[in-house]
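In the order they appear, the protein sequences are chains A and B. Heads up, the first sequence is in this note's numbering, so the first residue is 3 and it goes up one at a time. Heads up, the second sequence is in this note's numbering, so the first residue is 518 and it goes up one at a time.
One or more hints might be untrue.
Derived list of chain B stretches under chain A, where covered just means 3 residues or more per stretch with a C-beta under 8 Å from a C-beta of chain A [to be verified]:
{"no.": "1", "segment": "635-641"}
{"no.": "2", "segment": "673-680"}
{"no.": "3", "segment": "742-755"}
{"no.": "4", "segment": "821-835"}
{"no.": "5", "segment": "870-880"}
Straight-line distance between alpha carbons at most 30 Å, and here's what the computed DSS-like set of lysine-lysine pairs gives [to be verified]:
{"no.": "6", "chain 1": "B", "residue 1": "Lys671", "chain 2": "B", "residue 2": "Lys684"}
{"no.": "7", "chain 1": "A", "residue 1": "Lys4", "chain 2": "A", "residue 2": "Lys153"}
{"no.": "8", "chain 1": "B", "residue 1": "Lys658", "chain 2": "B", "residue 2": "Lys529"}
{"no.": "9", "chain 1": "B", "residue 1": "Lys529", "chain 2": "B", "residue 2": "Lys684"}
{"no.": "10", "chain 1": "B", "residue 1": "Lys830", "chain 2": "A", "residue 2": "Lys265"}
{"no.": "11", "chain 1": "B", "residue 1": "Lys724", "chain 2": "B", "residue 2": "Lys597"}
{"no.": "12", "chain 1": "B", "residue 1": "Lys724", "chain 2": "A", "residue 2": "Lys265"}
{"no.": "13", "chain 1": "B", "residue 1": "Lys740", "chain 2": "B", "residue 2": "Lys541"}
{"no.": "14", "chain 1": "A", "residue 1": "Lys183", "chain 2": "B", "residue 2": "Lys597"}
{"no.": "15", "chain 1": "A", "residue 1": "Lys174", "chain 2": "B", "residue 2": "Lys597"}
{"no.": "16", "chain 1": "B", "residue 1": "Lys578", "chain 2": "B", "residue 2": "Lys724"}
{"no.": "17", "chain 1": "B", "residue 1": "Lys725", "chain 2": "B", "residue 2": "Lys740"}
{"no.": "18", "chain 1": "B", "residue 1": "Lys759", "chain 2": "A", "residue 2": "Lys174"}
{"no.": "19", "chain 1": "B", "residue 1": "Lys763", "chain 2": "B", "residue 2": "Lys830"}
{"no.": "20", "chain 1": "B", "residue 1": "Lys616", "chain 2": "A", "residue 2": "Lys226"}
{"no.": "21", "chain 1": "A", "residue 1": "Lys153", "chain 2": "B", "residue 2": "Lys597"}
{"no.": "22", "chain 1": "B", "residue 1": "Lys662", "chain 2": "A", "residue 2": "Lys265"}
{"no.": "23", "chain 1": "A", "residue 1": "Lys183", "chain 2": "A", "residue 2": "Lys4"}
{"no.": "24", "chain 1": "A", "residue 1": "Lys161", "chain 2": "B", "residue 2": "Lys763"}
{"no.": "25", "chain 1": "B", "residue 1": "Lys541", "chain 2": "A", "residue 2": "Lys183"}
{"no.": "26", "chain 1": "B", "residue 1": "Lys725", "chain 2": "B", "residue 2": "Lys529"}
{"no.": "27", "chain 1": "B", "residue 1": "Lys725", "chain 2": "A", "residue 2": "Lys265"}
{"no.": "28", "chain 1": "B", "residue 1": "Lys789", "chain 2": "A", "residue 2": "Lys183"}
Chain A is nowhere near these chain B residues, computed Cβ spacing over 10 Å in every case [stated by the list, open to error]:
{"no.": "29", "residue": "Ile525"}
{"no.": "30", "residue": "Arg555"}
{"no.": "31", "residue": "Asp571"}
{"no.": "32", "residue": "Val573"}
{"no.": "33", "residue": "Glu574"}
{"no.": "34", "residue": "Leu576"}
{"no.": "35", "residue": "Asp592"}
{"no.": "36", "residue": "Val611"}
{"no.": "37", "residue": "Glu670"}
{"no.": "38", "residue": "Asp686"}
{"no.": "39", "residue": "Ala735"}
{"no.": "40", "residue": "Val738"}
Calculated directly from the structure, the hints in this document are not laboratory data. C-beta: ideal position from N, C-alpha, C; glycine also.
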Amino acid sequence: MKIIVCVKQVPDTSGKVAVNPDGTLDRASMQTITNPDDLNAVEAALKLKDETGCKVIVVTMGPPPAAGMLRELMARGADEGILVSAREFGGSDTYATSQILAAAVNRIGVESDDIVMCGRQAIDGDTAQVGPQIAEKLHLPQVTYAADIQKTGDTVTVKRMLEDGYMTIKVKTPCLLTCIKELNAPRYMSVGGIFEAYGKPLATYDYETLKDDPLIDPSTIGLKGSPTNILTSFTPPLKGAGVMLEGADKETCEKLAGLLSAKHII
Amino acid sequence: MSFNNTDIAAFKDVWVFCEQRQGKLMPTDFELISEGRRLADELGVALCGLLLGDGVEGLAKELGGYGADKVYVCDHPLLKNYTTDGYTAAICQVIEAYKPEVMLFGATNIGRDLGPRCAARLHTGLCADCTHLDVEMNNYKSFLKEASTLAPEKIEGMDTAMVMGEKHDVSRDLKMTRPAFGGHLMASIICPRFRPAMATVRPGVMKKAAFDQTKADACEVVKPAFELSEDDLETEVVEIVKAAKKLVDLIGADFIVSVGRGISKDVAGGIKLAEELAAELGGVVGGSRATIDSGWLSADHQVGQTGKTVHPKVYVALGISGAIQHKAGMQDSECIIAVNKNDTAPIFEIADYGICGDLFKVAPLLTDAIRAAKAAR
Numbered sequence: 003m004k005i006i007v008c009v010k011q012v013p014d015t016s017g018k019v020a021v022n023p024d025g026t027l028d029r030a031s032m033q034t035i036t037n038p039d040d041l042n043a044v045e046a047a048l049k050l051k052d053e054t055g056c057k058v059i060v061v062t063m064g065p066p067p068a069a070g071m072l073r074e075l076m077a078r079g080a081d082e083g084i085l086v087s088a089r090e091f092g093g094s095d096t097y098a099t100s101q102i103l104a105a106a107v108n109r110i111g112v113e114s115d116d117i118v119m120c121g122r123q124a125i126d127g128d129t130a131q132v133g134p135q136i137a138e139k140l141h142l143p144q145v146t147y148a149a150d151i152q153k154t155g156d157t158v159t160v161k162r163m164l165e166d167g168y169m170t171i172k173v174k175t176p177c178l179l180t181c182i183k184e185l186n187a188p189r190y191m192s193v194g195g196i197f198e199a200y201g202k203p204l205a206t207y208d209y210e211t212l213k214d215d216p217l218i219d220p221s222t223i224g225l226k227g228s229p230t231n232i233l234t235s236f237t238p239p240l241k242g243a244g245v246m247l248e249g250a251d252k253e254t255c256e257k258l259a260g261l262l263s264a265k266h267i268i
Numbered sequence: 518m519s520f521n522n523t524d525i526a527a528f529k530d531v532w533v534f535c536e537q538r539q540g541k542l543m544p545t546d547f548e549l550i551s552e553g554r555r556l557a558d559e560l561g562v563a564l565c566g567l568l569l570g571d572g573v574e575g576l577a578k579e580l581g582g583y584g585a586d587k588v589y590v591c592d593h594p595l596l597k598n599y600t601t602d603g604y605t606a607a608i609c610q611v612i613e614a615y616k617p618e619v620m621l622f623g624a625t626n627i628g629r630d631l632g633p634r635c636a637a638r639l640h641t642g643l644c645a646d647c648t649h650l651d652v653e654m655n656n657y658k659s660f661l662k663e664a665s666t667l668a669p670e671k672i673e674g675m676d677t678a679m680v681m682g683e684k685h686d687v688s689r690d691l692k693m694t695r696p697a698f699g700g701h702l703m704a705s706i707i708c709p710r711f712r713p714a715m716a717t718v719r720p721g722v723m724k725k726a727a728f729d730q731t732k733a734d735a736c737e738v739v740k741p742a743f744e745l746s747e748d749d750l751e752t753e754v755v756e757i758v759k760a761a762k763k764l765v766d767l768i769g770a771d772f773i774v775s776v777g778r779g780i781s782k783d784v785a786g787g788i789k790l791a792e793e794l795a796a797e798l799g800g801v802v803g804g805s806r807a808t809i810d811s812g813w814l815s816a817d818h819q820v821g822q823t824g825k826t827v828h829p830k831v832y833v834a835l836g837i838s839g840a841i842q843h844k845a846g847m848q849d850s851e852c853i854i855a856v857n858k859n860d861t862a863p864i865f866e867i868a869d870y871g872i873c874g875d876l877f878k879v880a881p882l883l884t885d886a887i888r889a890a891k892a893a894r
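Whenever a hint applies, use it, and build me the whole structure from the sequences.
Right, dumping it as structure tokens:
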């Protein structure tokens, strides 16, 4: 049994975000982090490893520096890292990305008692599409928004969150699950873990490695294989300046209430 | 019948996946049908609902009342509860048979599970969590003039785009606009080479049309052929549990009083003051991501990019600094009132009325002042 976790290195949008004059994101000036939901997926995998001793493989598609993130995840307890990186893969939308990641997972090999995990969504694109699209390309059943995962034999029972409650879903391995933050609290790296991380295998899959997979075709990967195109990107304008009221006392509040009442807002 | 997803001319009509849970239509369905009506009119085609379930045919006519010309109903015992595999199988078969050019889903936890799976199977593009849709170029350009900081000449030159190294006329493409990078950037996406162009649309953003009984009566119900068997279902729904606590209805609220990190010195007290102000206004309490991440409020209260998008009549932000991810969810409120100790807090940039002060002092005074102002009328 093994668990393959797909992770993404993302710009930290919770801090200061820099935008270039042309409306694109100034990635160079921003910190990168492991996508938060992906850390929950890694933690879920490591918990299953604690229980069963299974192997955990972390996979990411991205530029070569993303290997640093894989080392970090190996320091948390993952056994192997795979960096999927090639110029041919650049410019991929979610469809093309899922083709490539599915081919990488195929290369690792999915066996009958394996699980593929992803975070629900990445904070840069917020699409939540790559997980389900990998599942489709691998012909695996999927359960998204997992808030609890229990594995007994070849059956996985998942608490799948809805806006107004949850569903309990049973699925057999192999399957793909996407994880949300309510699932767990990710562990930190340990000193021993950091020490061991550099002895663990980290492989790179480039275009040559994956090109024989039927999913990898110039018409289905990269910019040319992406069904969607960006027509334009832009920053929203600031709203017209409002009124700063003087003071912060009873009089100020009465003035505000008067204004709201006069405008029939209240 | 062959299905060639690149034969653009063979596809027509705008379709909306109409989600039902336990036999009840979702509010998002009416928003999407209303928005879909506008898009269908711009394209000069029919608007069709797609409804899946078990014994749900009776729900179809109501969708007509909001603008659907036709509703395709897939009724099957195996479609009673939502499953990714069952719904994907049925929807893809029906899409392959009827070839809609646009397919919309609500960006609910179910729509965001189903949409990508269908798009991957059909080999087409899907744009996630859209907040604005257009077909007609003049409408799209007007939208950009108002909602972007793009130069006018750039907007005027938007009729074509470079696609696969060639100039492509985008006038009949669905322009799907969505926030990215936590709301720092907006992007308009097209799906020029494949059909259907698919989008999930954020709940609460599109405006619901007025219900029209005549249109409901005229709505045609179609039962398309599809095949589904137990073998198609690899996931089993064991139970569906509704949240015991009544969730706060942020999207439907006219008045929202939200709290942020500013309540940290007395969390319970701060929430109580917000509740009192909300009660006086006849509204509900919301919160920034910090208040949800800290466990002060449950997730259903969250306003912002990762929470709900709201546009109430009045939005009061108490002790919220106004991180872009929060602003993304509330900046279209009709009137924004901000109370914050820090006079440089970004929330003041979008506030209609700002008070620089301690929310613990200002909120109760404001509650009293509003009560008095109402009584004086």
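Now for the hints, and whether the structure bears them out:
no. : hint                  : verdict
1   : 635-641               : holds (count 5)
2   : 673-680               : holds (count 3)
3   : 742-755               : holds (count 5)
4   : 821-835               : holds (count 4)
5   : 870-880               : holds (count 8)
6   : Lys671(B) x Lys684(B) : 16 Å, holds
7   : Lys4(A) x Lys153(A)   : 13 Å, holds
8   : Lys658(B) x Lys529(B) : 24 Å, holds
9   : Lys529(B) x Lys684(B) : 23 Å, holds
10  : Lys830(B) x Lys265(A) : 12 Å, holds
11  : Lys724(B) x Lys597(B) : 28 Å, holds
12  : Lys724(B) x Lys265(A) : 24 Å, holds
13  : Lys740(B) x Lys541(B) : 19 Å, holds
14  : Lys183(A) x Lys597(B) : 29 Å, holds
15  : Lys174(A) x Lys597(B) : 21 Å, holds
16  : Lys578(B) x Lys724(B) : 20 Å, holds
17  : Lys725(B) x Lys740(B) : 26 Å, holds
18  : Lys759(B) x Lys174(A) : 25 Å, holds
19  : Lys763(B) x Lys830(B) : 23 Å, holds
20  : Lys616(B) x Lys226(A) : 24 Å, holds
21  : Lys153(A) x Lys597(B) : 26 Å, holds
22  : Lys662(B) x Lys265(A) : 28 Å, holds
23  : Lys183(A) x Lys4(A)   : 22 Å, holds
24  : Lys161(A) x Lys763(B) : 20 Å, holds
25  : Lys541(B) x Lys183(A) : 29 Å, holds
26  : Lys725(B) x Lys529(B) : 24 Å, holds
27  : Lys725(B) x Lys265(A) : 25 Å, holds
28  : Lys789(B) x Lys183(A) : 27 Å, holds
29  : Ile525                : 12 Å, holds
30  : Arg555                : 19 Å, holds
31  : Asp571                : 16 Å, holds
32  : Val573                : 18 Å, holds
33  : Glu574                : 24 Å, holds
34  : Leu576                : 18 Å, holds
35  : Asp592                : 21 Å, holds
36  : Val611                : 17 Å, holds
37  : Glu670                : 13 Å, holds
38  : Asp686                : 12 Å, holds
39  : Ala735                : 32 Å, holds
40  : Val738                : 27 Å, holds
Violated hints are absent here; each numbered hint is respected by the structure.
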